[in-house]
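**Student:** The task is simple: from the sequences and hints, build the whole structure.
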Amino acid sequence: DQQVKQNSPSLSVQEGRISILNCDYTNSMFDYFLWYKKYPAEGPTFLISISSIKDKNEDGRFTVFLNKSAKHLSLHIVPSQPGDSAVYFCAARRLTGGGNKLTFGTGTQLKVEL
Amino acid sequence: NAGVTQTPKFRILKIGQSMTLQCTQDMNHNYMYWYRQDPGMGLKLIYYSVGAGITDKGEVPNGYNVSRSTTEDFPLRLELAAPSQTSVYFCASVALFNSPLHFGNGTRLTVT
Chain B
1 DQQVKQNSPS
11 LSVQEGRISI
21 LNCDYTNSMF
31 DYFLWYKKYP
41 AEGPTFLISI
51 SSIKDKNEDG
61 RFTVFLNKSA
71 KHLSLHIVPS
81 QPGDSAVYFC
91 AARRLTGGGN
101 KLTFGTGTQL
111 KVEL
Chain U
1 NAGVTQTPKF
11 RILKIGQSMT
21 LQCTQDMNHN
31 YMYWYRQDPG
41 MGLKLIYYSV
51 GAGITDKGEV
61 PNGYNVSRST
71 TEDFPLRLEL
81 AAPSQTSVYF
91 CASVALFNSP
101 LHFGNGTRLT
111 VT
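Chains as they are written, first to last, in our numbering: chain B, 1 to 114; chain U, 1 to 112.
Derived from the structure by calculation, the hints contain no laboratory data.
Be aware that a few hints might be false.
Stated by the list, open to error - Subject to a maximum C-alpha distance of 25 Å in a straight line, what follows is the list of computed DMTMM-like cross-link-like pairs (lysine to aspartate or glutamate): (1) B:101 - U:72; (2) U:9 - U:59; (3) U:44 - B:113.
**Tutor:** Right, here's the structure in full:
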């Protein structure tokens, strides 16, 4: 039962253009969402998060949008840079209870081409 | 400040052997976690701990054991290694609910 889904295993974008990574979730108890970035042979590193009381959070080139009614979130990267090439994981957590555990999606491999 | 440190980085085990994956953090975090990542599959939670002396099962605990005798250390034990345990294992920690998890760089384990 995959509660957090990333339906695109890979995405290729040209440098300078926008990258849009999508994530869907099924558990309505999730109310805090995070994006992690992972390079080969390294652990995931935190990128940006959003609470369910917001519909948008921005940090430099990275913006996360949350549509609670659709149980959908997306990560926008503008402009995309070659160093953004990595695997991006969407994750969700219940703010109350749940042991502060994260449920991860399967990841999207982003390739930013010159 | 080393963050989350995992050892070893790589290991090859024969079926039926046992081993302990080490994880230590120097950030005084209460919460610690073990995840495994299989190809094409996201990270699955094996075990977690909300503080020294307290551990609980995650999604995929079978075949593993953990202990948490100190705040810093959270070792993961495989008693009878099986090929299905071939994976990359990540340890993570966090201080507070509203903070993101900090991950180690992983242990790549192959069981043949």
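**Student:** Hint by hint, where does the structure go against what was stated? Just the numbers, ascending.
**Tutor:** 3
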